[in-house]
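Chains A and B supply the protein sequences, listed in that same order. Heads up: the first sequence begins at 1 in the working numbering, then just goes up one per residue. Heads up: the second sequence begins at 1 in the working numbering, then just goes up one per residue.
Some hints here could point you the wrong way.
Unchecked claim - Here are some of the chain B residues that sit facing chain A, going by a computed Cβ distance under 7 angstroms:
hint, residue
1, 56
2, 59
3, 112
4, 132
5, 135
6, 138
7, 139
8, 145
Source of the hints: derived by calculation from the structure; they are not laboratory data. Every residue, glycine too, gets a C-beta built ideally from N, C-alpha and C.
In case you want the letters, here they are:
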Amino acid sequence: MDGMAASALAIALVGLGFWTLLRRRNVIWKLLGLNVAAGGAILFLVAIAHRPQARPPILGLGPGQSADPLPHALVLTAIVIHFATLALSLVYVIFLTERRHSQDVHKLEEER
Amino acid sequence: MIYAVGGVVIYLVLGAGGFLVRPRWLPGTLALLAGVASLALWAPGFSEGVLGGGRWGISVAGDSLALGMWALALVIHGAVLLHERTRPGPFHPLLTLLVGTCLAAALSRDLFNLYVTLELASLVSFLLVGYEGKPRAVWASLQYLILATVGMTLYLLGVGLVYGKLGTLSLSAIAALGPRLSDPAVGIGAGLLVAGAAIKSGVFLFGLWLPPAHGYAPTTVSVVLSAVVVKMGAVTLARLTEALPVGPALVVLGILTGFGGLLYALWERDLKVFLAFSTVSQLGYMLLGFGLGGGAAFGAMLYAVAHGLFKGLLFLAAGEAVERVGRREIARLAGQLSVPVALALAVGTWAIVGLPPLAGFAAKGILAQDAPNWAKAVLFSLEVGTAASFAKLVPLFRPQGTSPIGGLGFLAAAVVALGVGGLLVVPGLFSLWAWGEAFLAAGIGWGLYLGLRTLRPILPRFTFDRALGSLFVGAVVATGILLLW
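Kindly produce the complete structure, drawing on both the sequences and the hints.
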């Protein structure tokens, strides 16, 4: 896939994720939307690294131009951080479901 | 540079290792000592160096902003350690990790490294806010988590755009390229970076996770969040002005958050949520100063340190009061506070209103000295508003009974020391004019309080969905303005 198409797909994913985050009332749907958006941001960084006719930036893969390795390193870090954040947020959702018996944002907002 | 980075590494290792060691407070105390030693070794600062070397290294530098943030973080960590020395469980290791991450963020001069340190600090903050397992605090923490992650996703997109166009992540290398916001990739990237950092630091309309998260967090967690973690967002915004020409955007954000937070603080009745809205408002001083740059940026750094100290003191006293009495409304707490708590609350209020000779007066004075006249007027009206919003705490200063002092005395001493030190070192603060102006602002504020007391305006409540909506609208507007500037 070439860089422009990947960038367009990434931006579409971010938009789709944020739309779900805004429109759904269920917390789990919101978290899913957030993760689609984060995935879009990560894909965008990969698209930035793209060079025409480049090979993957791995040592020993032969001569020729490679893709920019720095965004790939950033992407690894970002994936780990998003994984940790998602895991923690799901723990909190489990906790709230047990205590408040709801995953609906409007019910969770009510003062208790 | 080696000392500063070493200090950060020791902090993080002792924080992570603290989960295995008993007593719990020991690794945190060792880390604090190592941090103080490291600060003393690199103290006057060091110029920019590259960690790891080469094109892909991470730039770090120890300027006055980093120096101030280190001092603030170490003092607050010391006060919290003193206050919570007997607390069991993972509290102390998490706190050490959080402070270590903030120390790293203060040194960083790299767009992506700032992202990583901010995300790590947020992750530990989410854990600490929900730490006591109260449903309301957990819900506040989940809101914080979702809104902050949205902010950091926007920030990451901004990093991608700026890197794709300019090919570097180092702030000084970007500044050397002389980027122009009229270039769409740089303009949109800068807008997303500013919006992301604004969400993370809790700017009004961008980061409305802040009032519930700071208001419902456990006592000492509110102290650390308000005193140190919020400042890291402001530091990130200040760093962005070093690389990209986004100073005017910071000024606009500062005015927005200064008056927006104030509007809500004026009529808030819950003591801790009121202090949290006041933090939103006080961010205005810092962003205004960082946006103006030059001498005002130094004043803003001092104000960030001073605000960290007295807001930490206020949150510590307020948390103690709320826990002891079991009520959160300001009116219900009147006359129920113990002597040390009421005294600490009074010292904090005196400082935040900006009356001499405490830290608030010195920092506000230095911030205003180099500001243009219109900014002085904005700062003066913010000061009046702060006085008006804090006037409702006066009934709380009638104490009854005693309680242990804990970290209150330490923080109060720091507030006094910074204030008196600032007065002695900086010329021009000992003038009758400056003192008169401070008391005049407090007096007008008191009058405003008496006038507004009978009003009960119905301000729109910021539910979670509204906070999300205002965040996206804010991000789009900020990006659009920066692009079209």
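Each hint, compared with the structure:
Hint on residue 56(B) holds. Least Cβ distance to chain A is approximately 6 angstroms, under the 7 angstroms limit. Violation of the interface hint for residue 59(B) is found here, the shortest Cβ-Cβ separation to chain A being roughly 14 angstroms, above the 7 angstroms cut-off. For the restraint placing residue 112(B) at the interface with chain A, the shortest Cβ-Cβ distance is roughly 5 angstroms, inside the 7 angstroms limit, so the hint holds. Nearest Cβ of chain A to the Cβ of residue 132(B): about 12 angstroms, over the 7 angstroms cut. The hint is violated.
With a cut of 7 angstroms, the hint placing residue 135(B) at the interface with chain A holds, because the nearest CB-to-CB distance is about 5 angstroms. The interface hint given for residue 138(B) holds, since its Cβ lies 5 angstroms from the closest Cβ of chain A, which is under the 7 angstroms cut-off. Interface hint status for residue 139(B): upheld, as the beta-carbon distance to the closest one in chain A is roughly 5 angstroms, under 7 angstroms. Of the supplied interface hints, the one on residue 145(B) holds, with its beta-carbon coming within about 5 angstroms of a beta-carbon of chain A, less than 7 angstroms.
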